[in-house]
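Enquirer: Sequence:
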Amino acid sequence: MEVSANIKGNTQVAGHSKWANIQHRKGRQDEKRGKIWTRVIREIMVAARQGGGDMSANPRLRLAVDKAKAANMPADTIKRNIDKATGNLEGVTYEEIRYEGYGIGGAAIVVDTMTDNKVRTVAEVRHAFSKFGGNMGTAGSVAFQFKHCGQLILAPGTSEDKVMEVALEAGAEDVITDEDGAIEVITPPAEFEAVKNALEAAGLKPEVAEVTMRAENTIELSGEDAQKMQKLLDALEDLDDVQDVFHNAAINE
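Counting in this note's numbering, the sequence shown runs from 1 upward without gaps.
The hints are simulated quantities; they were obtained by calculation from the structure and are not laboratory data. Misleading hints may appear alongside valid ones.
Stated by the list, open to error - Cβ-Cβ distance ranges computed for the label pairs, FRET-style:
| hint | residue 1 | residue 2 | range |
| --- | --- | --- | --- |
| 1 | G157 | V119 | 43 to 53 Å |
| 2 | G223 | A201 | 38 to 48 Å |
| 3 | S222 | G87 | 42 to 52 Å |
| 4 | D66 | D161 | 24 to 34 Å |
| 5 | E224 | E200 | 37 to 47 Å |
From the three backbone atoms N, C-alpha and C, an ideal C-beta is built for every residue, glycine too.
Given these sequences and hints, build the entire structure.
Expert: Quick look at the structure:
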């Protein structure tokens with residue numbers, strides 16, 4: 001059972017255990033380490049182009065640079081891509097486009113892309129959906145099933161009381177203890193950085209820390225359906241223009 005203690009002191013019960021899925025996802029991301037630099041560079045360029053190259057005034061760029069450092073990207077590579085995006089060097093211009101659709105069992109899928117060629121990207125995303133048993137939807141068809149928020153997840157065994165005290169004081173809106181003992185902290189996007197910094201300053205290092213699209217409800221998939229869904233998700237994530245894939249499937253392989 002997953003128990004949520006939020007700011008108002010209410011207790012609510014939700015469904016699915018997330019820790020195994022998180023570890024599974026991290027393992028798959030590690031396998032695709034080569035793609036991470038490409039994705040992070042695009043994120044740096046879009047963040048810098050939209051909000052400027054001054055990290056102190058651009059939270060999205062700070063987050064992108066943190067991801068780059070975590071992926072061991074050299075500082076000169078980071079700087080060069082910020083310079084490209086802000087016009088100091090010539091570079092490619094990327095556009096952000098979101099696609100939505102349905103996976104196995106009606107599971108909702110949101111695909112965020114950055115592309116320099118919309119025609120190519122939409123064709124590739126549509127092909128992946130149709131080839132692996134999904135259906136591409138229209139804009140807005142499933143995004144309402146997700147919440148745009150900051151999400152920080154701490155490993156089982158972390159002190160729930162300490163996390164709650166630090167996180168809520170720093171601006172978090174919810175702290176959820178999962179049935180596996182993992183602790184999930186939810187923040188408004190604007191408060192994500194402050195909450196992350198407060199947790200780390202208190203010696204609480206999240207295993208996952210990201211601004212994300214968090215599914216409000218999950219659809220349980222197992223057996224053949226789970227395998228089919230994972231193939232569809234892998235196919236989408238493997239596309240060069242795809243930055244993130246969000247879904248509401250709880251996959252039990």
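Enquirer: Now, for every hint given, state plainly whether the structure supports it.
Expert: Status of each hint after checking the structure:
1. Checked against the given bound of 43 to 53 Å, the beta carbons of G157 and V119, roughly 49 Å apart, stay inside it.
2. Between G223 and A201 the C-beta distance comes to about 44 Å, which sits within the given range of 38 to 48 Å.
3. Against the hinted window of 42 to 52 Å, the Cβ-Cβ separation of S222 and G87 comes to about 51 Å, which satisfies the hint.
4. As the Cβ distance of D66 to D161 is approximately 27 Å, the hint placing it in 24 to 34 Å holds.
5. The hinted range of 37 to 47 Å is satisfied by E224 and E200, whose Cβ atoms lie roughly 41 Å apart.
The structure fails none of the hints (numbered hints given earlier).
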